[in-house]
Amino acid sequence: MVEIERTALPGIGLRHTITTERGRQVGVISHRTGRRDLLIYDRDDPDTCAETMPLTSDEAGALAELLAPQRIVERLAELENQIQGLVTEQIPITPGSPYETRTLGDTRARTRTGASIVAVVREGQVFHSPGPDFRFTANDVVVVVGTGEGASAVADILANG
Amino acid sequence: MHPALLLIELGAVVLGLGLLSALAVRVGISPIPLYLLAGLAFGHGGLLPLDTSEEFIGVGAEIGVVLLLFTLGLEYTPDELVANLRHTAPVGLLDLALNAAPGAMLALWLGWGPVGALVLGGVTYISSSGIVAKLLGDLGWLGNREAPVVLSLLVFEDLAMAVYLPILTTVLAGVGVYTGAVTMAGAITAVAVVLYVALRHGRLVQGFLAGPRVGADAESGQNDEVLLLKVLGLVLLVAGIAQQLQVSAAVGAFLVGIAVSGPLAESARQLLSPLRDLFAAAFFVFFGLQIDPATLWPVAGYAVLLAAAGVLTKFATGHLAARRAGIGRFGRARAGAALVPRGEFNIVIAGLAVAAGLDTELGALAGAYVLILAMAGPLIARAVEPLLRARRRAVPADVMPAR
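Quick mapping for you: the protein sequence lines, in order, are chains U and P. The numbers in my numbering rise by one with no breaks, and the one at position 71 of the first sequence is 71. With the second sequence counted from 1, adding 161 to any position gets you my numbering.
One chain only, chain P, in its complex shape (with noise of 0.2 Å):
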């Protein structure tokens, strides 16, 4: 190992992202897809490949998916998970249903089997809250009557996410029925177990986080490095210890980040963000080193085709959805819109899989299938508007059907 060489890789790896975020920005979509698209340029038969940076990369996509489920878990609080999975149940099975069947068919069609259908089903599922919540953000689109649909959408998916990701890892490992179900259950206690603590113990976690408050601290609140070095710390260690039970590190972090909630979840996430928005850019880049580029083009018809069947489910389940909850017309292709891009957890479904030795085309259709995504949604997003006003204005106002 030449600590030079691995500065200069590195140094030259994060500038490089660096520069393409800012594109991305620019542009007006999310960095995602240029950050998996230079993971391809650097990898195995890619144009530079890297060979020093490529282990810390490794580890640092560990950290950036404990991170990412982390900073989700931070956005909720136990209340919010619970009274809104009353209400949402119905339409997030509908999104459930709707979104995981073409990838599963695909996948059984292509003889991957019950595992890869299992993989591949969550890959087309699950929509991206972190550029969607930004989606919404960006194009003004919060104040809009469908904007809580949309939202108790995002937190439904991320709570099954936490359901589902143990039992990928558990399928994944190869395990028999009877230590599988044993895994099972004890995910499905410790999914209760930190909901329970969270919501009636929440104080002791954030009394332990939170202290001690002595001299110029005590006034400021808290102590940003030692926050910072605790929540860290007890992140990784939750993380790895979930991971080694067969519970699946990210589902742990995203316990963690339930867990803590109020002022503290203000400043964790402020003091995190910075390090999630590395690591998680280190992931990325390490997914797409993972396939070699010359397996994308057998795949890119499957994955357009997979792409087309994820635009038209969960435009129709956007629409449902907001239709239920006596939206209008515009509201309803909002919805639906805003549900289109997938992003962060397809890939890390996908990066499981690719990790536990899966047949290497899933992970290239996997990346192809959010590439195109997460590029298209939010474009489809911001032209949705436009369109539905140019059609308002051919059609004369007594033919619009009333609401």
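Bound-form chain U, shown alone (with noise of 0.2 Å):
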């Protein structure tokens, strides 16, 4: 796993850096006003940036895509593979579920099914192992793990209660 680094920039916004493997520090300034900044750090001076390339939201965003080797679900297929006999499912709240507004306590879904919510979507954004108290609202994208059986219960429970 990567370590990111990140540091507040009072007034300006965050800054994010990581060090690669060898040894090369690369950062982003996320500016309040949607500008990025790609830093490329010093080879010799690890406090010194070298260059400071400003993107629009838009460039910053089609860059990101290019730089993304794979995206989460790829990532989840991969994991499912690892465990044999587990499933990972997502299931989406679709609006007029009864758990639209409620959380995920509420749904008591481990005790009934067995299966885990390991993780929640929400606009492109994941939430990684939400807490009991943790709300829906329309459109989550929730990630099940467990039996293929239990995985479908869970989807029966957010869609009919």
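Read the hints as simulated data drawn from the structure, not as lab findings.
From the derived model, a few chain U residues whose C-beta atoms are all more than 10 Å from chain P:
#	residue
1	Met1
2	Val2
3	Glu59
4	Ala62
5	Pro95
6	Leu104
7	Gly105
8	Gly131
9	Ala159
A partial selection of chain U residues facing chain P, derived with a Cβ cut-off under 10 Å:
#	residue
10	Gly27
11	Leu39
12	Tyr41
13	Pro46
14	Asp47
15	Ala50
By construction, the Cβ of each residue, glycine as well, lies at the ideal position given by its N, Cα and C atoms.
Join the two chains into one complex using the hints; note that each chain is given alone, in its own frame.
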């Protein structure tokens, strides 16, 4: 796992940097205005940013797409193959679902089915290991890990209560 | 009052400022010193005294201070301020002590008394967050490891202003110890209440300013006109009330800025920045207007001395702060250089003193001090990296001190 160093820049935004295996540093400044700066650090001096490239949010998005080696779905598929007998399912909370505005704890999914809700994807953002007081909203995608039977039981609970 | 004459004078002044601003952009310095020079030229004893528009520029200057502080407050969220205060306090206090000392000592030595020392200490202390933040962006230094150290110090200084300005206003008003203490307590309570409201009930403020969302505006988010008038009105109102309570209009505006955060702050900033630029320019010109150029020469020597001390003390501050954060030689030097520019708030402080009728020499000295450092600061920062690289090449790598 790559370690991401997060630094607040008061009045500007946030800065994230990572150190590569070869010892180079690269980072991104997220301005409050939506602008992104791509940072390449000096080879000899880790304190010095040698190159700062401003990107609009569209450009930053395009660059991120190009750089992303695999999407979250593919990663989950990989995980699934590693542990036989377990399946991962992504279940959307459809508008009108009984859990649309209720919490994860209310579903009592693990007690009732044995399957676990390991993450929730909301508007492209992933919430890892949500707690029992995590509140669903419509169009959340719930990631469930369990036996095939358990996972479909969770899908049934989320759809019909 | 001749409307035609007023428009002609005002138009000529604003156009002149526009040309100066263009020059500043070209040379790569802050326009503030040029505005001050323009004010000197237009003022009493200057080249082209303004008669008709001075009153208007005076009112504009008041609004300029309020908007400067308001947009500064917008830059920060309450959480940021609280979190920052915890870990920057030691360095921040060192910054205060090191940089206020030269001004305070010179004022005492010149016989301006404790009030003069309080004023001049404030003038030499605070860095210009506007110039410094812009400088960091322009030079591509935001990515550098020392950037958060520099920015945190600026935040601390701005917060220190929120405490300092009410003290200064009270002292300048010359009220007794009892009234002074009551005013101070009021000021500190006001700061605490605003921070509390902003932290816990920020949504109420946002809701009032952003609403109502009806018709087409509901989809686009908000109506620019409504937001502009509401925000400007609220800021001026709070600033005025704060002034009436002797808390200082500037601090009132700063606190409103802090209370407004999130997406609304972004919209408010975009809407009010052009107004801020206009009225802030009026403020610098007005400060220049009040200084008779003839009074500059007697204090020029002191101003140069004070500026030299100001460069050294800020350099030391940045150096120590960066070293405390475990940053190497280059970063330490850059942090020191970045903090050197002084600008808007030094003039705000001096402006309060001049308005209160303190020694006119003090205003001239503060003006000259800011003139020097607002121009020299960015140039020093630009020069520091090439100088360091040249030195690095001259010194063999194995002699470099280990980090």
